[in-house]
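K.L.:
Residue strings, one per chain:
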Amino acid sequence: MAELVKTLSPAPSPGSALGRAFKSFSLLKESPVGMIGAGLVAFWILVAIFAPLLAPFDPLATLKPMAKPGTEFAGGGTFWLGTDHLGRDILSRIIFGSQTVLIYAPLATISAYVVGILMGLAAGYHMGWWDVILSRISDIILSFPVLVLYIIIIATYGASGAVIIVAITFASAPGVMRIVRGLVLDLRSREYVAAAQTRGEAAMYIMLVEILPNARGPLIVDACVRLGYVIITIGVLGFLGLGLPPPDPDWGGMINETRKMAMIFPHMTLFPSIAISSLILGFNLLADGLREVSLRD
Amino acid sequence: MPYDPERDPLLEIKDLCLSYFTRAGEIPAVFDFSLTLKPGESVGLVGESGCGKSTVALGIMRYMGHNGGIVGGKIIFKGRDMADLSEEELRSLRGSEISMIYQEPMAALNPSLTIGSQLMEVPMIHEGVSAEEARKRSVQMLADVKLPDAERVMDAYPHQISGGQQQRVVIAMALLSNPSLLLLDEPTTALDVTVEAGIVELIAELSRKYNSSLLYISHNLGLMLEVCDRIGVMYSGEVVEEGNIDSIFTWPKHPYTHGLFGCIPLPYADKNSRPLVAIEGQLPLPHERPPGCNFGPRCQFFKGGLCDASVLAIEEVTTDDDDDHRVRCARWNEIDPAEVIAVGIEKESVEIGETVLEVDAMQKYYEVRDTSIGALVSGEGVKYVKANETISFSARRGETVGIVGESGCGKSTFAKVLMGLETATDGEVRLEGKNIGNMPVKSRSPEQLGSLQMVFQNPNDTLNPSHTIGGQIGRVIKKFGVESDPQKIMERVVELLDIVKLPRDFIIRKPRQLSGGQKQRVGIARAFAGNPAMVIADEPISALDVSVAAAVTELLMDIQREHKTTLLFISHDLSAVRYLADRVVVMYLGKIMERGTTDEVFAPPYHPYTEALLSAVPIADPEINKRHIVLEGNLPSVMNPPKGCPFSTRCHRHLGDICDNEPPPEQIDRDRHIIACHIPLDELRAVEPVISVPSAVEKDRTRLTKMARANKMAAEAAAAELVAMEARARAAAAEAAAAEAAVDATNPGAE
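One line per chain: the protein sequences are A and B, in this order. One point on numbering: in the numbering used here, the residue at position 215 of the first sequence is 215, and numbering is uninterrupted. Positions in the second sequence are counted from 1; adding 1000 to them yields the numbering used here.
Note that these hints are calculated values from the structure, not bench results. No experiment lies behind these values; they were computed from the predicted model shown. Certain hints may be false.
As the list claims (entries may be wrong) - Between beta-carbon pairs, the in silico distance windows are:
id, chain 1, residue 1, chain 2, residue 2, range
1, B, Val1377, A, Thr156, 28 to 34 Å
2, B, Lys1488, A, Ile152, 57 to 63 Å
3, B, Arg1504, A, Pro218, 33 to 39 Å
4, B, Tyr1157, A, Ile49, 57 to 63 Å
What the hints assert, rightly or not - Some chain B residues well away from chain A (every beta-carbon gap over 12 Å; in silico):
id, residue
5, Gly1068
6, Lys1136
7, Gln1160
8, Glu1316
9, Val1441
10, Asn1634
To be verified - Quick look at which bits of chain B chain A covers, simulated, 3 or more residues with Cβ under 8 Å:
id, segment
11, 1419-1428
12, 1476-1488
We put the beta carbon where it would ideally sit given N, CA and C, even for glycine.
Could you put the whole structure together from the sequences, leaning on the hints where they help?
P.N.:
This is the structure in structure tokens:
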């Protein structure tokens, strides 16, 4: 029996987790929409990773102001997407800008999820006063217009990566909490939760080990959609001048800086806008695909 | 040829094959299915879940969804081939000529429309009658299904009436268009036994009154006996045996049918002397059916080369002289399942030890706050739901105590108090001498937790879908401090899997890879992991198929026997409780109505409620005689229970004001047999038993008379022969006498 135990015990977790990931992916292949979304997201992730190799110019260097797309640069190379009002290559700025978006948007989303999940678990599992207090807090936050919240927080603490993450967490965690609370209210009445309670498990263990893993399906789908919103938010913040401080390339900031010249030089705003839209579209299509796949048997 | 109701069958199904088309390819759900249904006849289809019986009903309506369809064969309804009908024609047929009644009444009614508007819709759409006419007919139909106060029900919303009433409304809706064919898919499975008994009687009565033909689908063989003229037993997509209900119940020919009967706890089954015999193995998956006979791999009469050679056809059974009995078995003629399967191995009974659990006047009230202005003004802001009231009984080591009652009687609340998920409002619950009634689960020690464990009801809910089986059982072992070394824990998990007869590689499986019965076995392994002194099983088999339930019941009994565990078996199923309990507690509306040993409770004197419960349970044996008692009315609300005896509103032996106004005294019949009723014990003792099991001699006699009836032709011939023989004998005697007389006459002077 000992041999059997030896062969069996180490296998379960990594094998099944990998297998499951592979299975989910092979399932996603059956949803064309989901595959397009995954393709778009994967494209931008690769661009962000290989930005230094892909970008033809230094994104901060002032080269030739207001060049149209396709203009040759005297120092060698071509401005495929033109340059902005300060003469920086737009393609290089979009490529490096993808790094900013793909670092801050997931970080902010994860942070909002951690806070929202903990709040939702506590409210849904304990109910009673926990629920009343946490739900009222989230109601108060949700009753403010989101933009006003961002402006207040960022205006108070100054624009930096960390503050942006905190601001987004503060504004989105209540939404996450609502979803988690609803899922927990359903899951807490399951018999396996009662079984855990009757063997004397701590509340934290039950919430994190017994309940949370079973809520993952809807949460993953929601996370994809929310990631899209966060990208919009980061773009909007950049557009309002509340984003990362210049001169770092930031898609929202790029649109804001050049919007006055949009009538004359449409390429300056058009290409960053396309970049933002395609990434958001990618995440939304991925979410659709995941939902479609998860609804099937 | 036009349809002639006098001559032609109402519904004729010939060699029907139905399939579902999935990503994995075509999955045959039903094949080679034939059925003839005459007007006014009721035919039953029995089988375990996944055998295709519901698919047949949907196939008849041609309502199988976008991924299912008819692959072969014909469905002829009133002379018309259903395959030729257009969508338009099908729509007008469904709901008017063919009606269907589903399992879940709540899901069949639209919660946002009044019952009246949903009923009136039927004649208005199908016959185009006016609203007044439709209303009149709906009210009449509600009265026909015996709903009191039909006018009020018309204006009610579905959630305002009880489950039994909802099912009556669904039946009324199905009958409003006066359909010639009624399809019933497990119409009473979601209901309580006493309610079920009423509905079943109603269905039988109405189908006679309206002359509708019934196709009754159920997994419950006992119910079939009460409703149907003929039945078909389905297994894995095909009918394995069909025919007249009497001949199938008396002489089942197919090993599967016979196996099913062995799984049902009939009144004469006994956990020690005549245990249940479960069918080994599992239903094959639709795409993994074996060649030849589908039942082959589970059949003890399997013979290679014969049973797995070719697809079997259904054959006429010729030995019992009933011309309506067919079976799909290659060896039916050679085998006699009755002799070989016989009964299970006799098991020794458990020694009953010292008292483990003592429940002393335990109470559990829930507070309900009414915040309406009216309640605040009258000062009745707080109301109590009396879920458990003065519950007292005890259980000893190795004993099985059954707690019986219908939904809402407080049996699950009681389990929660025991487990510490709720605390008692008053009274004591002593486990091994220590009061745990007001001790929530948080303040119990690991030993206390481990010594009291629970087996849950729903197999799909009892295991966490995110974790492996090994991990879940291992966690319990670790938590209760049985073992702490991971290696040792794993060894113990393997041991436990062996005990519950599951393969060892289940350690790394996830619950979704297991069948319902297997999940329930894991649940049992988990409950016994901490070497408990007592296990509470809350409806552990009610969600399982008959054959699986039998196996799980036997497993539970075996482990209990071995570990001398006290088992508290909570169930609404009286047959199961009678089979495995040593002592029984009957509860109604939070109070104990009767308690005593199983033999005492199941024989007179009965509490009238016990009597009604016993009568409501369908029994799958035509030789057992049963008295019919149908309870009127609904379970009263626990918020507002009757002032006197809780059962007074539905009691068929109601005495009068005393029952309504005064709580009944606890009358002691024998030392531990107690009945809470106003009726004097002597009177209750005089009650005739509800169920009478014929003795072996009587059984043989009925069997013989039946045989004689079935052999009528032969018997008549024999009788005729007898008559002829007698006549011949008489003639011979007369001749002899005449000869003698002649001799006498010839020599008169001989004396």
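K.L.:
Each hint should be assessed against the structure and marked as holding or not.
P.N.:
The hints, checked one at a time:
no.: 1; hint: Val1377(B) x Thr156(A): 28 to 34 Å; in the structure: violated (50 Å)
no.: 2; hint: Lys1488(B) x Ile152(A): 57 to 63 Å; in the structure: holds (58 Å)
no.: 3; hint: Arg1504(B) x Pro218(A): 33 to 39 Å; in the structure: holds (35 Å)
no.: 4; hint: Tyr1157(B) x Ile49(A): 57 to 63 Å; in the structure: holds (59 Å)
no.: 5; hint: Gly1068; in the structure: holds (14 Å)
no.: 6; hint: Lys1136; in the structure: holds (44 Å)
no.: 7; hint: Gln1160; in the structure: holds (24 Å)
no.: 8; hint: Glu1316; in the structure: holds (41 Å)
no.: 9; hint: Val1441; in the structure: violated (6 Å)
no.: 10; hint: Asn1634; in the structure: holds (25 Å)
no.: 11; hint: 1419-1428; in the structure: holds (count 3)
no.: 12; hint: 1476-1488; in the structure: holds (count 5)
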